[in-house]
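> Residue-level listing of the chains:
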Amino acid sequence: MLEVKNLMVFFENAIALNDLSLEVEKGKIVAVLGSNSAGKTTLMNTISGLLVDMKKKEDRRGGERITLLGALKFEGEDILTIKPSLRVRKGIVLSRERHPVFRESDVVENLKIAGYLTEKHKVKEEMEDVFQLFPHLTKLRHRKAGLLSGGEQQMLAIGMALVARPRLLLMDEPLLGLSPAIQSDLARAIRDIHKKNITILVTEQFARPLMPIIDRGYVIENGMLVISGTREELADNPEVRASYLGV
Amino acid sequence: MAEANLKFRRERLDRGIKARSDTIYVISSYREILYLLLPRVLPVVGLLVLPLVLTGYWGKVLIYACILGLLALSWDFLASCGMFSLGQAFFFGVGSFIAGALAKYLQWPPLLTIPVATLGGGILCAAFLSPVVRLRGIYFAMITLVGPMLFSRLIIATEYLGGSHGLSSLTPFTNKWVPPYLAVGALLVCLFGFRRIINEDYGLVLNAIRDDDRAVMSAAINIYWRKIQALFIAGSVGCFAGAFMTHQYQFVGPSAFALDYSILPLTAAALGGAGTFAGAVFGSLILVPLSEALRVLAGLRITFYCIVLIICIIGLPEGIFHYLQRKYQQFERLTEI
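First to last, the sequence lines map onto chains H and V.
Residue 108 in my numbering is what sits at position 108 of the first sequence, and the numbering runs on without skipping anything.
Remember, my numbering sits 1000 above the position in the second sequence when you count from 1.
Within a straight-line C-alpha distance of at most 25 Å, the following computed DSS-like cross-link-like pairs (lysine-lysine) qualify:
1. H:Lys144 x H:Lys120
2. H:Lys57 x H:Lys83
3. V:Lys1327 x H:Lys56
4. H:Lys196 x H:Lys124
5. H:Lys26 x H:Lys83
6. V:Lys1327 x H:Lys55
7. H:Lys139 x H:Lys120
8. V:Lys1327 x H:Lys57
9. H:Lys26 x H:Lys122
It should be emphasised that the hints constitute simulated quantities derived from the structure, not laboratory data.
Note that this is a predicted model, so its numbers are computed, not measured.
Based on the provided sequences and hints, a complete structural model is requested.
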């Protein structure tokens, strides 16, 4: 479904992604594991197209020069340089790092804004699906998003991505800064999302809560791919066990 | 192109001399000394020579450009500690009226009125704006925007300080060399002084307040007091500009609070590049002569002026000074990947 080939990203003279290739097959949950500054967020921004937008702005401002090379194919079509909004229309939706929500709007309003592309009557259905997925949000329908806790905001952020009806859902560190209990709740929710025929690419620093649900994983370090394999292969790899499973 | 793109990317590097002078400070030849000194000495010498060359009408334009440069510097200084001001006219007007009143009612000479207006005006401005230092961003801007309107209406309505007619026939500068050199001198002192302040620890705190005031608070620094100090410094500079212009025109009226004095410094700083001070000066030295030269277009002048500004801001949002600085200190080359 998604094919990343020899992707290279430079921020000025610093290399963020170095010759990275990976593949996401339709209907799978794929994880990208890596520590801070490994390039996870850059990878997500490249796939979702935010980087293309950043590059334009920086170029105009005369700021950091972003260089983007390689190939990025979504269902056989090259999407490396197209606008982020077009990618959403094609079905690639990103739920960004640190659960960004519209703080001054309430939960329902947030979901409505996120469902801009979906037809009106379908948004209602999608919203109900989100509330079914995260029953906890149901009571908070009319609470301002800025007043929600970190976990609730993360649920809302994932919900917002879902209302846009993704075919490929990108999740950038969805478990960041959450308690272990909420982490495993969210991991279960991710599996439920996957059951709705949505392919998922998720990044994380700590693999344990995600391990039971993923089909395939890639480990990146300093922008380079170091280990890749199926869940079982990763679980058996001593390096992965030490660094990302904490065993 | 696509083929070439696959193998090369443009790399941006500091020039050797820039890297060396930034860190270990080794200068090995006259060429390098010139490289470092030229961008500083050239404008200084240029500004000092200009009053000798430009006399009459263009001499007045130069003075006006310097005064707007001072206001732009004062705007940039406030902006660099997170206070986005839309009311440079407030500082200008307060300085103007203090100097005007002292000259009219007490017959003080400019030698006294200007320093008193500068310091006293700075204190007055800081005191007037001190209740609003807690406001941030747009709220602070709104208050500073209404400040000059409030005072000009007050003067017109109460007929105090000359009312709508203003105070006229004030003492002029006696020597014809005083005004241009005072303006140019003040501009240079402010420019280099502000650049020094902002590079010291003191400026570090101000910049930090702009970035995240709560984090500065948690470092046990009283940010409100710092902001008031910054208001005093910026206010003094604006008041000096006002006091100077009062004696230059030998007149002060409610027009000293005109919106022009708020907007032009801001556009100058935006055009030249905010945050460097040199950009603010650069911008006003371009904008003022440009708008004077465009006088022949009469009614179309403002239109043309606005178009130039829009093109500059869209095409070069970093500002002219940042652009030149980058070209001067860095070079680019293609590197193979």
